[in-house]
Every structure is written in C-alpha cells, then in structure tokens.
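Just so you know, the sequences run in chain order W and B.
If you're matching positions, the first sequence starts at 74 in our numbering and goes up one per residue.
If you're matching positions, the second sequence starts at 74 in our numbering and goes up one per residue.
In case anyone wonders, no lab produced these hints; they're calculated from the structure.
Some hints here could point you the wrong way.
Identical copies go unnamed one by one, so any copy, or any two together, can satisfy a pair.
Keeping only pairs whose Cα atoms sit at most 27 Å apart, straight-line, the calculated DSS-like set for lysine-lysine is [to be verified]:
#1 Lys169 <-> Lys289
#2 Lys289 <-> Lys138
#3 Lys169 <-> Lys266
#4 Lys320 <-> Lys169
#5 Lys81 <-> Lys318
#6 Lys138 <-> Lys266
#7 Lys388 <-> Lys318
#8 Lys289 <-> Lys318
#9 Lys320 <-> Lys266
#10 Lys169 <-> Lys388
#11 Lys138 <-> Lys338
#12 Lys266 <-> Lys338
#13 Lys318 <-> Lys169
#14 Lys169 <-> Lys338
#15 Lys289 <-> Lys320
#16 Lys138 <-> Lys340
#17 Lys169 <-> Lys138
Protein chains: 2
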Amino acid sequence: MQHIFFPKHPPRILAAASAVGYEEARGPFGASFDFHDETDLFGGDTWEHAEENLGHTVLNLLLSKAGLRPSEVALLFAGDLQNQCMASSEGLYAEKIPFCGIYGACSTVGEGLLLASLALAADERLPNAAVLTTSHHCVAERLFRTPLEYGGQRPPTAQWTATAGGGFLLTHDRGEVAVTAGMPGVMLDAGVKDGANMGAAMAPAALLSLTAFFEKTGEAPRDYDAIVTGDLGYAGSEILCDLAKRKGLDIASVHLDCGGMMYDKRKQDVHAGGSGCGCSAALLAAHFLPALREGKLRRILFLPTGALMNPDSLKQGGDIIGIAPLLRLEGIR
Amino acid sequence: MQHIFFPKHPPRILAAASAVGYEEARGPFGASFDFHDETDLFGGDTWEHAEENLGHTVLNLLLSKAGLRPSEVALLFAGDLQNQCMASSEGLYAEKIPFCGIYGACSTVGEGLLLASLALAADERLPNAAVLTTSHHCVAERLFRTPLEYGGQRPPTAQWTATAGGGFLLTHDRGEVAVTAGMPGVMLDAGVKDGANMGAAMAPAALLSLTAFFEKTGEAPRDYDAIVTGDLGYAGSEILCDLAKRKGLDIASVHLDCGGMMYDKRKQDVHAGGSGCGCSAALLAAHFLPALREGKLRRILFLPTGALMNPDSLKQGGDIIGIAPLLRLEGIR
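Sequences and hints are given; from them, build the entire structure.
Quick look at the structure:
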C-alpha cells in the first residue's frame, strides 16, 4: 500500500506556465495556453532542439509570472521522454538552477509535483521549488514508433504525443492552490506489449492508485469535483472507468482525462487522444489550476499516468509498465 | 548558489548492498562487494536484461540486510543509464514498491540519496526510503559508443562503464551513518563534446558544487577525511584537483574518486577508469559506508558526477553537461 504524504503546511502553487505546438493550439483549450508556435520548431533546427526550446520558453514564462530571476529558484525537477532526458538538461541548464532530473514517462509532472512538495515540507528555509515537463510529437514518433516521414499507419488505439510543456513554481505559503496530499505511484505490469495501446497499459496503474488513496483516506469519488488522469486517452479512459466500476468505484461522472481533453475528438485526427509528459502538465497549468484559483473547481485529484517502456524493451519481450502518482489539489479561497 | 539541506534529524543509512560483474570483482575492492557474476549476465538473456537482474539482485540483498519485506519499503528512488531508465523499471517493478524514477547519469545515486533524505525529513511517518542505481558495461557501450562486437578502439581518456549496482535503505533513526547535509547539483556546460572524455566534462561541475558548499558552510577540505567524487576517472580527477588548486582549494590530499578506485590501474585495461550509475553506488555501499560505520572514516563528502548527454545530442552539436549533487555523510559512534 502506498504511503500518502499529508503535508502539515501544504505547499502552494504560486505560478504555472504552458506552451504548445500547432495541433494543440487548435484543440478545445488552445486559447488557454500561454504560448504556441505554429511551426512546432520553437526556433530549433531539429525536433529535439525544438523540444529543448519549448522547455526553455516555459521556464521563462514561469519565472516571469512568478516574478523571479533564475537565481532565485532554489530547486528544479524536470523530465521528458527523450533518451537520457536530454530535452530537460539541454533546454534548462543555462539558467544554472539546482536540478534534479526525473523520469516517469507521461506521469513525470506528477512525480515532480510530489517531489517539489516533499522538498518544501522537508525544509522551511527552502524558498521554492519548480517543476517542468515537456514532450514533442515529432521527437516521440521518431523515438518510440517511426519517423513521421515514413507516413506509417497508426491503429485507432494509438495516442498522439502532444507538443506541449508545463511549468510550476511551488512555495510555502504564496499561491491560491495547495497540494494537500501526494502519493507516489506503484509500477504495475498489466501484460500489455503494444506501444500503440498505452492507455490499456496505464489504466490498471491509475486504478491501483485511486483505490489505494480512497481506501486509506476513507474518501470517495463524490468528495471531488474532478478526478483528472493524465493521458489514458479515449480508449484507456473507458478501460479505467470500466475497471473501477467492477471494483465498486463509480468515477465516470467526475472523471476527466488530459489525453482526452487536449484535442477535439471530432475534428482532429489524433486517434485515441493525447499523451506525453507535456500533455497533462500543460492542461494542469492552463486549465485546472486557473479553475481551482477561480473557485470553479474546489478540490481535484490529479493523477498523470506513465507508460514505462522503450522500443528495445518491447523488442526484447518486455511489457509496458504503468505507473500513476497522485496529487490532491485544493483551491484556497 | 545551491541551497544546502541540513536535516534537523539527519536520516540514517540502515543498510546498503552491492553487486558487480567480472571485471569489477577483479578490482582492488572486488572482495568487498556482496555479490558478483562471472558471466556478467546475472541470468539474463540480453545485456539489458542482465542489468535488470543485477538491480533486482541488489534490491533483494538490500531487503535481506535491512530485514524488510518488499511491502515494508515505503518509497524507492532508482535510475540507470538505459533509455527511459528501463533497467530500473523492468528490474524493480515486481516488488510493487512505490517508485520515483530519477535521472542524473552517473550522479544518479547522489540525487537519489538527497531525495530519499528529503522525503524522510518531510514526513516523520514515512518509515523508510530506498535508493538503487545500476549500470552495465555492455549495455552502455552499445548505447553510447559502439557495440562491443565491433572491437572499436578506445582513446586513453575513455572511461569504462562499470557493471555494478548499489542499493541503500534510509530510515529516521536506525543505522550508523547519517546524512547530515545534502545539496543538489547545478548543470554546467564546460564545452566538452567528446563522449570519450567525460571526466573533463564533469570535473568543473564537481568543483562548482565543492566551492559552493565550502563557501556556504565555512568548512574546508581539511574538515573531511575524504572528498569522494564519483566517476571522474584518472583524467577527470587530475583536472578537478588542478582546477581546485587554481581556486585556492587544495583537495588533492583528501580526494578520492570512485572511477579511479574501481579497477587496478596497472593490471586492468580500463583506460581512464570506471564510470556508470553503479560505480560510485557500489563503492559507497561496499567500501565507504563500512569505513564510516567502523570509524575508519568519520566524515566524508560524497559527490557523484554525471555527464548529461546521449549520442543524438552530441550528433546534433550539443555539449556534454556536467552535474554533481553533494552529500555529507558522517559516522555515528
């Protein structure tokens, strides 16, 4: 059973920033993101450099919103999908912010928010801690599936890695959204080997985190305005709600999924919906946090889901391993 | 300037475990490691699976030494050099321990010890936190340089990724070594682009951490029995001591480097010495912690160094970015 952290003095999210690419800017939340680039290149000369620049853009937007110079940020947790998390190190080293690289696939932002909260809870002298995650569609297709130039066919269960990034600045007591509970994920092997069906691989891990959290807290889905998963997509969301129902947990009425929200299902041909480290991070920054700040939502569970895999691990017979860290976020009015 | 964490109740390292491969078992500390495999395969059918099994072996040794069942470990920080940190997720998922994936290249164990300490400092109800890192020579050569089968020539500055892993179990108050200070690293680009000269890329980052730590604490190298860097190797260690001297910091008499210690320079043909997430982790577990427990050392600085890079980032013109998180470890007598 996962240990749940209930911080005595819940850390606050002071500022958040987001940036997205062409396709994401045309989705239902396109107008909410702080920045978008029509070329998807963000001034870079390769897709990998584009993602680094995307992260760098998010960091600068975040610093500007928080009113901080880079030297005033005490600790930065960042991660992405590139091999050896290079988008984060190449994109964010110039600011010389003390850095911890993290990897949780598409759940990385959840791990980052948990660790930033723990760092603040551990040391009242730590002024702040930041979290930043990115993903880029063209990088991920080349890395995990086939380069876009091949024009490969995608099955209906395949998700669309979002070109997106989200950043967050947490402090002890400034900001209108508090992290009132956090729980690390447990790695779960659901036996799925299909990299084009990651929702199925991650849904059981999300259910595991939800049931552990509700069991331990005595709370129920009705205690929340929304239960927000990250990047199960259309297929994975259906699986999660089905599996939950079989366990006697009816979440369908409050469940939202960032992968399902990022694009317009009818108008945008993204198959099973969005995914990527930046998908849930950008929607948390651009949609859910403002809703919590404004009182449109009071209390949500945010559990981004990650599919731990790479092409070599699948070729060597490995399964896709799911994980879902969980955060309870509450508006302070 | 990096923030230094000084935990009010310094976490203790209750247990540590290590496992290594063929070459490491023949080095000067070969007899100190808990386990070695003459085949380097650890029962695996590929090198990647071998590394997963190596990690799994270290975890089981650690649990056994700590007298814990897997379900009693509250949080595990783990990372490795494989793409998407697959050695950690595939190797460690079966135990269902709440998991945070971390990436700091060869400095990963330092990041892990820092984060495990912060997690314990953040929550007195958290019973423990574990850290585990691995590397495998044959995986790393194929991934970062050329497959061993090519028989490629290595320049004298090239380091030898160790087939090794180390694991640590931290608690609030049990164990004879305490983590009395911790500091995250800052990413530093020293302009090095040569993946066969990583010591040169990492030495300036180690110096940055050392000078920041000494400046902030008012301490000096003479206050320590050893200043232990991870994996600068022979070349990088010389660079660090030279650079430090120019800054008026004479560390040569107390400086040790895990990359320089792992192999016998005269008898083993490993060029510039060891490296890899498992190199400093295994030596910390097998040599430095016992020395602190037994009073042979009282107080050390442990700063593993990481080279943030991958073959694609170098091909696209990127530099190797260095980082060096720092821990102060003290024996409790």
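### Query
Going back to the hint list, which numbers does this structure go against?
2, 5, 6, 7, 11, 14, 16
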